[in-house]
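Chain H is fixed; fit chain U onto it per the hints.
Here are the chains, one letter per residue:
Number of protein chains: 2
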Amino acid sequence: MSETTPPQVVAILGLGLIGGSAGMALRRRFPAAAVIGWDRSPEACARAQERGAIDRTAAQAAQAAREAEIVLLAVPVQSVIPLLEEIVPHLRPDAVVTDTGSVKRRIAQQATQIYGGGFIGGHPMAGAVESGIGAASPNLFEGAPWILTPTPQTDEETTAAVSSLIERIGAVPRYCDPETHDRWIAALSHLPHLLAYGLAQTAFLQVSEEGRACAAGSFRDGARVAKSSPAFWTEIMLDNRDALLSSLEMVQGWLEKARISLESRDAEALYRLLEQAHAAHRRFPPR
Amino acid sequence: MSETTPPQVVAILGLGLIGGSAGMALRRRFPAAAVIGWDRSPEACARAQERGAIDRTAAQAAQAAREAEIVLLAVPVQSVIPLLEEIVPHLRPDAVVTDTGSVKRRIAQQATQIYGGGFIGGHPMAGAVESGIGAASPNLFEGAPWILTPTPQTDEETTAAVSSLIERIGAVPRYCDPETHDRWIAALSHLPHLLAYGLAQTAFLQVSEEGRACAAGSFRDGARVAKSSPAFWTEIMLDNRDALLSSLEMVQGWLEKARISLESRDAEALYRLLEQAHAAHRRFPPR
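Chains as they are written, first to last, in our numbering: chain H, 4 to 290; chain U, 4 to 290.
It is possible that some hints are incorrect.
Identical copies carry no separate label here, and so any pair may be met within one copy or between two of them.
To be verified - Listed below are the simulated SDA-like cross-link pairs for lysine to any residue, each with C-alpha atoms no more than 20 Å apart in a straight line:
{"no.": "1", "residue 1": "Lys230", "residue 2": "Arg171"}
{"no.": "2", "residue 1": "Lys230", "residue 2": "Arg275"}
{"no.": "3", "residue 1": "Lys260", "residue 2": "Leu248"}
{"no.": "4", "residue 1": "Lys230", "residue 2": "Ala219"}
{"no.": "5", "residue 1": "Lys230", "residue 2": "Glu72"}
{"no.": "6", "residue 1": "Lys230", "residue 2": "Pro79"}
{"no.": "7", "residue 1": "Lys260", "residue 2": "Pro233"}
{"no.": "8", "residue 1": "Lys230", "residue 2": "Ala216"}
{"no.": "9", "residue 1": "Lys260", "residue 2": "His281"}
{"no.": "10", "residue 1": "Lys260", "residue 2": "Ser249"}
{"no.": "11", "residue 1": "Lys230", "residue 2": "Arg32"}
{"no.": "12", "residue 1": "Lys230", "residue 2": "Gly220"}
{"no.": "13", "residue 1": "Lys230", "residue 2": "His281"}
{"no.": "14", "residue 1": "Lys230", "residue 2": "Arg177"}
{"no.": "15", "residue 1": "Lys230", "residue 2": "Glu271"}
{"no.": "16", "residue 1": "Lys230", "residue 2": "Pro96"}
{"no.": "17", "residue 1": "Lys260", "residue 2": "Ala283"}
{"no.": "18", "residue 1": "Lys230", "residue 2": "Ser44"}
{"no.": "19", "residue 1": "Lys230", "residue 2": "Leu241"}
{"no.": "20", "residue 1": "Lys230", "residue 2": "Pro45"}
{"no.": "21", "residue 1": "Lys230", "residue 2": "Pro288"}
{"no.": "22", "residue 1": "Lys230", "residue 2": "Ala272"}
{"no.": "23", "residue 1": "Lys260", "residue 2": "Gln209"}
Simulated from the structure, these hints should not be mistaken for laboratory data.
Bound conformation, chain H alone:
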């Protein structure tokens, strides 16, 4: 398979927000391919078909995957490897497999052991605090970065086929190794989630019901992702434990410096901390 020959059959295993949105985008922009979907929940399968995210469904994951040239594993991080093990014996010899999990080092390592150069890890940088097929949208990935994490073992054809699929979905492929991905994402996603949960808990304890009606934009934006599923995020954070600990300890150190400057009423030290952080923030490109 090459970048210029589009796949005839794509399997999407896991029909939640990510898998459902990928199917909807793919079918809308690329009606020639058949999209076969599977989810462990029959309701999600039915709903995905209703919403136009898949052409047809299958009772078993292996059955859904066996004709596919590309298989997208859009399941929670702890389910990626068990699902890959389940389908591998049934795959076409030329099938390529990718996933959408938010941690990549462990997954890339284990998946490469199981499926060699035919696997490449992936992570779309788009999401929503709501989950499930009901929240899926064909525009979720429009213009969004979608990180791919090839390793020295990854076949070039695998990278090319998955890159091309991602572009068809509307996303922009970006590449880095799995370790770099995990460090980036710890700081850009896992840490912001942890801070949002911590902020929500603290503000709740400090502010009465009457005062909670006064929450302005800085709180609402800062705590927004505390709306996300605690079970889902517990799993991800533990899976990216090392990188998240490194980011968390760095922000803890920063907050302690801020605390000391407040406690000692050291305006210059506090200003320096805020000014540096303000300059750092300007180094992020606008959305």
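Just chain U now, kept in the frame of chain H:
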């Protein structure tokens, strides 16, 4: 002056985002009143007039304030008391004065010593990361809470007149004592700002330029207010030091519990922390 007799003359001292937006809203919704504006910057005065935020300007703050039945001090927290001292000898005997600063305990205490029952502290819960008259909008306060902090010394007429003015601007008055305000706002505004700055600095140090292009919604929202002015926020945070330290220490304790659960791979403890915070977040009313 009573709630039912609208003022003929309102003075706005400080023509930045807040003062400018208040003037624009007032003139648009209440064309009968004359709005006299003053700012230490002659450019801001000229721009405020151009943008329709004021009817006329004056060379000195005292001159702008002397005819006014209501005076709005929309200057940074460290300038409120000096400005009040400057204008008090020139005010009409029945004039009421309010401010828009983000800390209230110190200001209410000092302002009451200077101007007695004619002063009431205020704090509009609306803003923008951009500052200055250029960012002002007549809709900034539309439906937003505007906290007023009467004390036992505040005259009822003062509270009534300022409440009525705020409603004319489109905001919703809410009431609490100055200490409660400072505790609420430490958790709902000052702490989210501190966390945003800390997140921006941490992510900048952990993520290369290439990775910064991959920042998704949780980082962008979490760090958004790190775009705000470091000088402005240094002043506010130090002015609300005690309440902010209390919120900061609480979130530091929470983050340390999260760190320990990660380090010891204690999924149940981490889940419990996130689940509690998630439930806390649901107790904040939707915007």
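Cross-check of the supplied hints:
no.: 1; hint: Lys230 <-> Arg171; verdict: neither (30 Å within a copy, 34 Å between copies)
no.: 2; hint: Lys230 <-> Arg275; verdict: between (33 Å within a copy, 15 Å between copies)
no.: 3; hint: Lys260 <-> Leu248; verdict: both (18 Å within a copy, 12 Å between copies)
no.: 4; hint: Lys230 <-> Ala219; verdict: both (17 Å within a copy, 16 Å between copies)
no.: 5; hint: Lys230 <-> Glu72; verdict: neither (36 Å within a copy, 46 Å between copies)
no.: 6; hint: Lys230 <-> Pro79; verdict: within (18 Å within a copy, 34 Å between copies)
no.: 7; hint: Lys260 <-> Pro233; verdict: between (29 Å within a copy, 16 Å between copies)
no.: 8; hint: Lys230 <-> Ala216; verdict: within (17 Å within a copy, 25 Å between copies)
no.: 9; hint: Lys260 <-> His281; verdict: within (16 Å within a copy, 28 Å between copies)
no.: 10; hint: Lys260 <-> Ser249; verdict: both (17 Å within a copy, 15 Å between copies)
no.: 11; hint: Lys230 <-> Arg32; verdict: neither (31 Å within a copy, 37 Å between copies)
no.: 12; hint: Lys230 <-> Gly220; verdict: both (16 Å within a copy, 13 Å between copies)
no.: 13; hint: Lys230 <-> His281; verdict: between (27 Å within a copy, 6 Å between copies)
no.: 14; hint: Lys230 <-> Arg177; verdict: neither (28 Å within a copy, 26 Å between copies)
no.: 15; hint: Lys230 <-> Glu271; verdict: between (36 Å within a copy, 19 Å between copies)
no.: 16; hint: Lys230 <-> Pro96; verdict: neither (42 Å within a copy, 51 Å between copies)
no.: 17; hint: Lys260 <-> Ala283; verdict: within (17 Å within a copy, 27 Å between copies)
no.: 18; hint: Lys230 <-> Ser44; verdict: neither (23 Å within a copy, 43 Å between copies)
no.: 19; hint: Lys230 <-> Leu241; verdict: within (19 Å within a copy, 31 Å between copies)
no.: 20; hint: Lys230 <-> Pro45; verdict: neither (26 Å within a copy, 46 Å between copies)
no.: 21; hint: Lys230 <-> Pro288; verdict: between (26 Å within a copy, 13 Å between copies)
no.: 22; hint: Lys230 <-> Ala272; verdict: between (34 Å within a copy, 19 Å between copies)
no.: 23; hint: Lys260 <-> Gln209; verdict: between (22 Å within a copy, 18 Å between copies)
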